[in-house]
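Novice: Position chain C against the provided structure of chain G, taking the given hints into account.
Heads up: the sequence lines are chains G and C, in that order. Quick note, the first sequence lines up with residues 27 to 317 if you use my numbering. Quick note, the second sequence lines up with residues 34 to 346 if you use my numbering.
Worth flagging that the hints you see were computed from the coordinates, not collected in a lab. Beta carbons: idealized from backbone N, C-alpha and C, even for Gly. It is possible that some hints are incorrect.
Here's a subset of chain G near chain C, in silico, CB distances under 8 Å, partners left out [stated by the list, open to error]:
hint, residue
1, 93
2, 96
3, 122
4, 133
5, 287
6, 290
7, 301
Here chain C is said to cover these stretches of chain G; the calculated rule only asks that three of the stretch's residues, wherever they fall, bring their Cβ under 8 Å from a Cβ of chain C [to be verified]:
hint, segment
8, 124–131
9, 223–235
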Amino acid sequence: MGLIAQTLADGLVLGGIYALAAVGFSLIFGVLHVINLSHGILVLMGAYLALIFSEALHIDPLLCLPAVMAVLFCVGYCYQRYLIQHAVDRASINSMLLTFGVALMLQNAMIWLFSPDMKSITPSYAFASFKLGPVNFDAVRVSALIASLVLLSLLAAFLRYSPMGRVIRATAQQTLAARLCGVNVRHVYALTFAVSAAFAGAAGIVIGIILPFSPNDEGTWTLNAFVVVVLGGVGSPAGALIGGLLLGLVSTLTAQYVGPAFPNVTMFLLLVILLLIRPQGLLGNAFSASR
Amino acid sequence: MNRTPALIALVIAAAVLLAAGPMVLPPFYVRVGQLMLYSAGLGLAWGILGGFAGYASFGHAAFIGVGAFIAGLVENQFSTLPTALLLPVGLLAAAAACAILSALIAYPILRLRGTFFAIAMLGVSHVCAEVTNNIDFFQGSMGLNFPPIAPAGMDPANFFYELYLAGALLILLTAWQIKRSRFGAGLLSIREDEDTARMLGVPTERYKRTAFVISAVLTGLMGVIYAHSLGYITTDSVYRDDTNLSLIVYSLLGGMGTLFGPVIGAFLLVFITQVILGRLLDFHLFATGLLLVLLILAAPGGVSGLLKRRKTA
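Same shape as in the complex, but just chain C:
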């Protein structure tokens, strides 16, 4: 049975509904929606490497930060350009920077597996943060201003909501195309058994590196939008360890390695922390930790895993 056309129709309908969201939602929920779409986009980008290929990174905030800072520095150089061109210039610069950085570190870091890879990525994220903070050129400790890019007459909150939606859809499309391609099957074989895959002729090194670069570039693009929506960033506002963690949790919650897992996970987690626990700020860390512990003990396959289990039972 081919469910693909129905699924595409469903995604398009959901996208149209989501795009219409800001016209009816109160401002608070527009902000929650922004965060949901941002997180879903990041989760999907993370999943291309972490979910499909099984290389769970614990340091993807590095690419959010690099993307954001490079875009900001470049855009400030080109501040005479018309506003409509600033964002594309920033996105291009960020994509290039993330591609170069990830291609450079891919070679040594992808030799590590499992937890070693995860922690090495955490190290990458910390080092990038430290370099940004301590080298004056990056202005990480002072902070970096971003030019306002929302078109006149449009509420910036709504504008960024739509931008996040566009970004998340782009990443969803990329992830979908990867998953159904030969490349995606190769990544899956790496996750299941890398040595066997290599022995059977899958170019594992090239596939891993490609997936890493794609994942890094897409993460960087989301980082640029995020930085613009904040308007002013410092090192601490983009290189965040809770982002590093959340990206794993989204996939765990929604279902590791599935296409929609990170989206489901991101929507659920943002809803839980922002709406249900919104008033209990002191409680956030504790609640996230508890959720993580319960998830791993009770539902290691995430929401998709639970659904699947019910279906087969």
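Pulled out of the complex, with its shape left as it was, chain G reads as follows:
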């Protein structure tokens, strides 16, 4: 009983973080219909920026969150406006490959800058933990989970209630109609990308606190984001949350009960089954691009 409760709790914590790491990917996909294969790079950028800030200023890594998000917001805006925009209107494979090329370049640049070694961010409360019934919680993991839930709710509220969020949703639903109503679609695209990059950066900080990271991880985070989005449904924070939690549960349960080497195999099987029976994801609209 204790073991299964602990596994479930670990899975949910991990899932919350997967959800945060995937929400930006989902938003870009939903609005721009671009598969951003440099998403993992944006996540890692957040992690490295937090490492630099927290070491330089001697503050808690979670306090760097606004600064890191602001930096990545600007990076994301320029990246979309000056590079990706040129490929958005062509075949979808082109924009995907463009982001892949950027990912390769930046991964290489990160290896030069930060070395290929594993790094980790250690906050002052790194080894604190508390018990709730039979289940053990690390303070780090819990603070990471809370941070991701808060951020996801903020994003959901932004999309739901703010005028800008409404414009973004309108563009996602019908780009042409939005343009006819006077929406500056290029600006909305760039803004969406900027918000997504900022959330990827925030996810990077959270990930940096609980897991070691290196420039070679970018592929893993991109792939995770993709799986989460396919599982949950595209373009909404709620979909990302459902998909993330599911992925977290599946991977911890598999690691615990099947073998530590098999999370990816079960994850992929789940993905294929879901694509077959419910191609639009558990929540969310149909994938216009997939069929």
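Specialist: Chain C only, in chain G's frame:
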């Protein structure tokens, strides 16, 4: 105007010239040539599905890996056979394994389109790699030895160069026959507009599946030759993500959906990375990425596209 006979003559002349290559080239260039022919063969095999039918796979390394490992395991079972028979046995086993695997996954995976198909294939390649690595039977983490098959008295490097050439020519011939057949026209119609093609009576599902299996089997055959030329493989040496990417880049560089596009692309890219950037190993990823970005922004039709544009202009 029918240019086909001239083109066939040109290909035969090029093949003869290439076959004579190892006699005059220094060893380094024989190795570069091996890599060029290997890449061209893979690019052509990828193009049967990715170029002709427009189903760009991001995980063809799966078939390189499956082909290589199955061939190795089978050949080690039959190690008492004479050396000349080992390679055919391995090729047969690999072809069968790749055909079965691809036919099995074709049904669910070919329901996906565009980027979804691409990423699902990446998933296939990762899962195959993981299974090979973690199930002891496949010996993926320990590594698998391949018996030496080069005939006595012949430099193995030259022998594998000729094998790669033979493989690449076989695939070129297959791709050419497909492209000029009714089946090839069907694939083209799938690339242009699958729903309309289906409505007009093209058996799209069967065509897609057939193209997928052919592409997978040919990729697997190249994988067997590759594994033999290495002599010893682990999971990481055959299931490589940079192979997954390169296969797309070859077609992009040379011209998507054209017969010779992947060949031109593979030769160019291997030349750039191995000869021009050969001394700058730290720079490889960056250069490949930059090339990819520039290609997509400046020349989405690849080299063939540039040539065509000049002709029509």
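Novice: Work down the list of hints and note, for each, if the structure agrees.
Specialist: Cross-check of the supplied hints:
no. : hint    : verdict
1   : 93      : violated, 28 Å
2   : 96      : violated, 26 Å
3   : 122     : holds, 5 Å
4   : 133     : holds, 6 Å
5   : 287     : holds, 4 Å
6   : 290     : holds, 5 Å
7   : 301     : holds, 6 Å
8   : 124–131 : holds (count 7)
9   : 223–235 : violated (count 0)
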